[in-house]
Amino acid sequence: MLENMLTGLIYTFRWDMLLAVFTGVVGGIVVGVLPGLSTTMGVALLIPITFGMTPAVGLAMLGGMYAASVYSGSISAILLNIPGTSSACATMIDGHPMALKGEAGRAIALATIASSVGGNVSNLCLLFMAPPLALLALKFGALEYFLVAMFGITIIASISEKDLVKGLMSGILGLFVSMIGTHQQTGLQRFTFGIPALYDGINIVVVMIGLYSLPEVIDMLQKQGAEKRVKVRVQGGLFRQMFEYFNYKYIVFRSLVIGVIIGIAPGAGGSLAGFVAYYDAKRTSKHPERFGKGTPEGVLSCETANNAEMGGALIPTLTLGVPGSAVCAVFLGGLMIHGLRPGPQLFTQNPEVIYGFIFSMFLSNLFFVPLGLLTARYGSRLIELPAVILAPTIVTLAVIGTFAINGSIEDTWLMMIMGLVGYILNRCGVPREGLVLGLVLGSMAESELARAILLVHGDVSQLLIQAVTHPIALILVILCLLSLGHAIKTQYIARKAPILPGLEE
Amino acid sequence: MMENKKKRNTGFLRWVIALMVIGTVMAFLVSPASAQNYPTKPIVLIVPFSPRGGSDIAARLIAHFVQPHLGQAIVVENKPGAAGQVGWSAVAKAQPDGYTLGYVSSPSILLIKGLRENVPFQMSDFIYIANIQLDPAVIVVPPDSPFKTMNDLVEYAKKNPGKLNIGGDGPQSNYHLQAVVIEKQLGIKMNFVSYSGSGPVIPALLGKQLDAGIPGISSAVPQIEAKGLRALALIDTEKFALLPGIPLIKAATGVDVSPIGASMRGIIVPKGVSADKVKVLEGAFAKLMKDPKFIAKANEMGVPLKYMNAKQFSEALLSDEKELANYINLLKK
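Which chain is which? The protein sequence lines are R and L, in order.
Residue numbers are given in the numbering used here: position 235 of the first sequence equals residue 235, and the series is strictly consecutive.
Residue numbers are given in the numbering used here: position 305 of the second sequence equals residue 305, and the series is strictly consecutive.
By construction, these hints were calculated from the structure, which means they are not laboratory data.
Be a bit skeptical, because a hint or two may be false.
Claimed, not checked - Derived DSBU-like pairs (lysine-lysine); straight-line CA-CA distance at most 35 Å:
1. R:K139 x L:K332
2. R:K139 x L:K239
3. L:K189 x R:K139
4. L:K271 x L:K293
5. R:K139 x L:K163
6. R:K139 x L:K184
7. L:K158 x R:K139
8. R:K139 x L:K159
9. R:K139 x L:K148
Since the model is a prediction, treat every value here as computed from it, not as a measurement.
Produce the entire structure from the sequences given, and follow the hints as far as they go.
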């Protein structure tokens, strides 16, 4: 095995491999920054271009695209409050407030290093621990997925500490939106009103773009009178600021573990990894009240986790041929086009290609660092632009981005409706994250529960027994209870000792 | 002077216009021969699924390899939505000038017609050019499953109606349809559990959450080859070229189960494309299906090929449409 690795390592440093990684990374950054061009789409569009290349070079380019686009979604999240890719959703919660405080450069620098570390560590897991970790993926059945989704839903309660009722309202709205479309087990159509555009359900990225970018624009235009909205503060070199990251070793470690594990569980995805890590950082922080107002921990926790999710998701993809996420499903197609059959034999049959690919992923996760820092240096000035320029730019990007997802004009209408919803929610102080989480997890929770019940032939008591006797299910049940308990506790404390208006910050 | 010049110019213009009109008329007069000039610009191939699934990958492969046989590039355009309905509606409505092709997937398209109301196209709105792919269903079990043969499985299902958990893409998909047809023709009852695609069925089997699975063979090839899964029967009338060891359903059970769930994918154009253009397309795809480079690449990728010419393809779809009518109600839970 060591010999195979060495062959792969040497192969990686051929000039054509390096060029491929670099090209992939540059393409990935563009795809990631532009809203609507998702990682999945970027990889899918790149696959035919790699037809003529040797497998190792083609895969290296795809890997570069993958890693860089997962990272660079955070840039538009921070600067414009539009998630460049769906995994950057949690990054907005603190990233954009940081930018509004004039710390866009710092936020991007931290997101860059966080993504790089997250990607590289998860890649190490892929390199050394793939087979045992892949077995973990197989232990996830319908019941376990349902519980993962439930755990995610409990996070809504903790996001909305200030006003539980509003948080739950937002969550329920999200769960409702997730019900639109064709039901996963029966094929029945719900709330589609015979409109074909709704048959496949509501696209999460469409909702996120509308929900976050349009209210921002409306606010911007309302404050038109103010001369300059934001003054970028430059404090010290960005390179030095990047190393601030390592002051948060505890959060980083926890986010890494969360990212890799969520990655391995097939199908959960990067946006969930980001949210769970964010929540975890907030819960364990000494100053949870700073979250949501532009704290660096908020940015680096989710950015570490969403890139760590990538290496995790590749583990079952490569070793079992079971895609860990939508991107990996496309990636699987890419592997097969290059004549590699993912599965148990992959590592022994084509060692130079597959190890070459894994090592090239390390390079990908390093190459975007200088490019990211350049963006932080110059791109962060973007936010200083007057609203008359910035606002139409954001709207244009939002519309084009939404249309680009499926080439459907109905999606752009939906995005605008969601923008209005987001504006109203924002005005009423209802956290929009609840809606996003509800939407991401609602259909997952529902269809997995239905599947789990079908698998035990409708005998729910057997399902309850499984929830206690299956080790992973039991752990997840306990996590759900802990998360709920924590939320109830904070609510209780908040009720008992109401913060006096004068003492608030 | 100015006046004069202007006059001369309009005179000249008139001549030019007259010549152009004559030219156009001539072009129309000789148009039967002009099919030899078709195609003169790139052709769009509408894939009604997102850039990820099997249809898209295969379509891009085809687009790449058919270019030398057609003399023009094919550009893949994804129009996903409503499980294919959006894309196929777009093909049906497209200008029948031969520059818009569609990638069809059957019985998916037949299921949409059969299960939904107000679908804005008819099966007769298309001209069927060539079938490219055939992905039959296969019954697979985990390696240590007590079912050693298909008959073991059938016997168990007969003794315990509705107890056998069988997973597949669904609901109301090709393989769900195939499972229902198997139940009816073998006289058994199974518990069909829907997954979002054939892909997720594989880990559920490896993790032993299911007793059996009914994926498309192309999704299961790597695991069958690696002995991670055992194939009990292939629901087809011909052996699968890459894995000839899998017994056919007829040999395994004695019953000739109709392979209606086998996913067929091929090229269509909207009704109204002129016969000579259709001929050019038929010729190009016939050549493609004999192209050794294309065949090698498809085998490498595990894309199972099956060529049917225009006549065979439309006949196969027509008979499937008739047969489907017997089962469509069984798919409505």
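Each hint, compared with the structure:
1. R:K139 x L:K332: The given pair, whose Cα atoms are some 32 Å apart, holds under the 35 Å limit.
2. R:K139 x L:K239: 34 Å, holds
3. L:K189 x R:K139: At roughly 28 Å apart (the allowed maximum being 35 Å), K139 of chain R and K189 of chain L satisfy the hint.
4. L:K271 x L:K293: Judged against 35 Å, a Cα distance of about 32 Å means the pair holds.
5. R:K139 x L:K163: Holds, at about 22 Å.
6. R:K139 x L:K184: Holds, at roughly 33 Å.
7. L:K158 x R:K139: Within the cut-off at roughly 30 Å; holds.
8. R:K139 x L:K159: Satisfied, since the Cα-Cα distance of roughly 29 Å is no more than 35 Å.
9. R:K139 x L:K148: With Cα atoms ~24 Å apart, K139 of chain R and K148 of chain L stay inside 35 Å; holds.
In summary, the structure agrees with every hint in the numbered list given earlier.
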